[in-house]
Amino acid sequence: MPTRGAPPSDEARVQADRLAALERRLDATWRDRPGLAGWFTTVDHKRIGRRYIVTAFVFFVLGGALALAMRLQLARPESGLIGPDCYNQLFSMHGSSMMFLFAVPVMEAMAVYLVPLMAGTRNIAFPRLNAYSYWVYLLGGVMIYVAFALDAGPEAGWFSYVPLASPAFSPGKRTDFWAQMITFTEVSALAIAVELVATILKLRAPGMSLARMPLFLWSMLVTAFMILFAMPAVMLASSFLISDRLVGTQFFNAAEGGDALLWQHLFWFFGHPEVYIIFLPALGMVSAITATFSRRPVFGYPYMVLALVATGFFAFGLWVHHMFATGLPHLGNSFYTVASMMIALPSGVQIFCWIATIGSGRPRFATPLLFVLGFIATFVLGGLTGVMAASVPLDLQLHDTYFIVAHFHYVLIGGAVFPLLGAVYYWFPKITGRRLDERLGHWNFWLFFTGFHVTFFPMHVVGLLGMPRRVYTYPAGLGWEPWNLLSTAGAMLIGVSVVLFAANVLRSLRRGVPAGDDPWGAPDLEWATSSPPPAFNFALIPAVRSSEPLWHADGLSGYAGLADDEREVVLTTAVEAEPRVRWRMPGPSPWPLFAALATGVMFMWSVFSPWGVVWGSIPVAIALTAWFWPEPGKASP
Amino acid sequence: MHPLQVFEEHRQRFAGECLQRLVLPGADLPLEQLHRLLMLHPLPAHVGFVEVVPVASGEFVGDRAALFIQRVRHGKACRACRRGELRVRIGVVNDHALAERTHAGDASDPSRSVVTANELHLPVGRVAEIELQTLDVIHSLWIPGLSGKQDLVPGRTNHLRVTPRRTGRLRGQCAEFCGLQHAWMALDVRIDDEAGFAAWREHQLRDAAPPASDDARAGAAAFAAVACPLCHAIRGSTAAARTGPDLTHLASRSTLAAGALPFSRATLLAWLADPQRHKPGAHMPRVPLDEARRERIVDYLMTLD
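So the sequences go chain by chain: A and B.
For the first sequence, counting from 1, position 175 maps to 820 in the working numbering; every step adds exactly one.
For the second sequence, counting from 1, position 74 maps to 227 in the working numbering; every step adds exactly one.
Simulated from the structure, these hints should not be mistaken for lab results.
Each residue gets a CB set at the ideal place from its N, CA and C atoms; glycine is no exception.
Careful: at least some of the hints might be erroneous.
[Unchecked claim] Chain B side only, calculated, beta carbon under 7 angstroms to chain A, not exhaustive:
1. Leu288
2. Ile291
3. Pro297
4. Gly301
5. Lys302
6. Gly308
7. Ala328
8. Ala336
9. Gln429
10. His431
11. Pro433
12. Gly434
[As the list claims (entries may be wrong)] Pairwise CB distance ranges (calculated):
13. B:Asp346 - A:Pro1127: 33 to 39 angstroms
14. B:Ala426 - A:Val1141: 57 to 63 angstroms
15. B:Pro433 - A:Met1137: 25 to 31 angstroms
16. A:Val892 - B:Ala352: 29 to 35 angstroms
Please work from the sequences and hints to get the whole structure.
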């Protein structure tokens, strides 16, 4: 570990030479195979993380383009630009893309890149599973967009309520592709959740006890556990749906003793925690950015952690607030009202902690902090409308109107996309070694902020005026026209801002200012290595003695003792992070890719025939066997 | 009696019935104030638990005597809705227990029930108990100016209780995405005074009058000779199919195709010429008719008021 400001002495020079030699040996051990083979076989969390982030942003842009098309259609009443069938596919694809292919994956992707660096280890736990999860995700996303391009995109919304999505009312393969896309993305999300839990609990650098863990790691830990509990519900639901559609089961058919509301319960038991699965990682990003740019630790660390954990628990107790109008017992509804209002408390605690951090720190208003401020303003508004909608009587008016569209874009874009863009500005130097352009960044932020509010604030009004969601057009003369036109204009501004963002990224990749190891003066471990980090992340495993290791002169030193000719990492205890075991990590392998391809074939085949599951599982079993085959002379991967 | 006393009395008797209002007794108020503040929809004079009280009176809860049943069917608009009809059975009840009894027989007497399409008539100042059932997908009945929404879920019967407080015309619509033409699934809601409502109902109960003019008679013959009676019913004629909306009082309605078009002779002609142009995915097919025949059929339909 290069110590800062160390006087150049003979001893230091000898140490530096030793370090350089160690780095060469580690590089030889951890480096990917060269060329295309390396590209397909890599298990490096940084490489896979970068890929994941870029792919998720591609889906963000695609989903955004669909939204722009919808806004054009809704700009004026009774517009004939887009027909009802196309429009229904557009909003179904927009919702599915943004939720399943962008929001959840991009947060996990950031975690795949950052968590091992922040935890001070050399790779993510189960690195081959990580590679597998990316390929599965990519296949699912490509499949649904190919289906969409072939006019077989989903038509029943991202929520696919039955019976509208049942074989009787959604003939053809459209809904099957949607349901299989869910299966793809959920498999990949569950895989990453397992990796993150294992990485955060077992691979933290020695000394990084839970009480010293960065808030981003806390938020990812809570998120990963939430994924483990929420995703099985939707996989169950989509499997029921597929078997209703494919093999004639009647889980959701009321006429045969099934229940249409079963779908809604299962879907929202996943769907509401999903919102927090997107939102909690963003909170971690906000905490990291706030601390760095306020130049002080986040105020009220224990309360922040408790708020994250509380949010994780409460999030599973609110799903019925999506179903207040379905005729469930009133008494039950009021419990969900209470739970929905209660979850505002931990969010409020965190908001106040960040405000206190900024207020009592020495803030530097660079682009990442601007995005954090935009997040606070926007998210608080979204939270307030959320508390409004939690009340049953009010919700019965607001439910399924544009007011709700406004509300959840305030919490999802305000709560997740603002922090995410801030996070890209913040960590881009670490990932690429170059900084994003600050002037373009300011333009990017202000256009996005203005565009966002011009787009979504009018939706509150038009919702109160009675405009329902998911309509491909609306009659003139109800007072909705000016608000819709305004929303469309705002959406164009957001589009310009995203183009600016992409331009900034592409330009800075080649011509950005070189960043150095730690351009922001940040406290966390990812800034203790070079930018971009070497394949092995850290030459010496950091030993952590403080919550902000880089801000304390004695906060950090290095551990030697791991093999440099094997992919070894150190396993530590879950709570205190005391070093326990040297553990060999598996190396590059083509089999995760083959396993993912086999899984993809199985899932896609089963869209057309139930036999796809039977015959398709054989190649999957072969690929998995090869994946886990012990390498000669070495311990099992 | 002070409203709170009334409330307390009924709370003790029928705690389960109005438990939601009990748990959140004031929760209705922000909506009203918000709406007043924004001067949006005309709302009933008072919402909240006090209004529920007469509904929850013992006689009513114990014996839900319905004055009449009104079935509202939408215009076969959604492609998704091919299987059947969206049926909103509406039982209107009186808040005077004695008056209910005098009409109690109606609920079980099909000859006294009225079937409309895409319109809903309610008498002012009386509690309406709307029974919500669907035979196809999930819909949601929402009349923003009257009340919150309530879903229609297959296999379940949901209830919505409203008390219109002033006469007039309101727009209702489906609030749950229900397929291709969810956007055009609107409901024309008329709140009449007691006399107007009774007159409307008596009128709706009558069969269609036989066509008087030559053109209308020619139209009736043409109507019976082409595909129309395969789907539609006109009481008083031989057409009795239940697949499409009942046309017995078509000309008394103010919209066509669940709000997609205003009702007039010209729009009816245009609709018959090509329904798919005006509402893509509507269940109504384009029936090949020459210009003259179409004109005669429309002459006939315009007499069905």
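Q. Measuring from the C-beta of B:Gln429 to each C-beta in chain A, is the shortest one below 7 angstroms?
A. For B:Gln429, the interface hint is violated, since the closest Cβ of chain A sits about 11 angstroms away, which is over 7 angstroms.
Q | Interface hint for B:Ala328, Cβ within 7 angstroms of any Cβ on chain A | A | holds, 4 angstroms
Q. Can we keep the B:Pro297 interface hint, with Cβ of chain A closer than 7 angstroms?
A. Hint holds; B:Pro297 Cβ to chain A Cβ min 4 angstroms, cut 7 angstroms.
Q | A:Pro1127 and B:Asp346 - C-beta distance against the hinted 33 to 39 angstroms | A | holds, 35 angstroms
(Q) Tell me if the beta carbons of A:Val892 and B:Ala352 are separated by a distance inside 29 to 35 angstroms. (A) This hint is violated: roughly 56 angstroms between Cβ atoms.
Q: Using 7 angstroms as the Cβ threshold, decide whether B:Ala336 counts as touching chain A.
A: holds, 4 angstroms
Q | Interface hint compliance - B:Pro433 to chain A, C-beta minimum distance less than 7 angstroms | A | Hint on B:Pro433: holds, closest Cβ of chain A at ~6 angstroms, below 7 angstroms.
Q.
Interface hint check: B:Lys302, Cβ to nearest Cβ on chain A, cutoff 7 angstroms. Holds or violated?
A. holds, 5 angstroms
Q: Using 7 angstroms as the Cβ threshold, decide whether B:Ile291 counts as touching chain A.
A: Constraint on B:Ile291 satisfied, holds at 6 angstroms.
Q | Interface hint compliance - B:His431 to chain A, C-beta minimum distance less than 7 angstroms | A | Because about 10 angstroms separates B:His431 from the closest Cβ in chain A, which is outside the 7 angstroms limit, the hint is violated.
Q) Range hint 57 to 63 angstroms: satisfied by the CB atoms of B:Ala426 and A:Val1141? A) violated, 44 angstroms
Q.
B:Gly308 was flagged as interface toward chain A. Is the shortest Cβ-Cβ separation under 7 angstroms?
A. Where the cut-off is 7 angstroms and the nearest Cβ of chain A is about 3 angstroms from B:Gly308, the hint holds.
Hints 1, 9, 10, 14, 16 from the earlier list are contradicted by this structure; the remaining hints agree with it.
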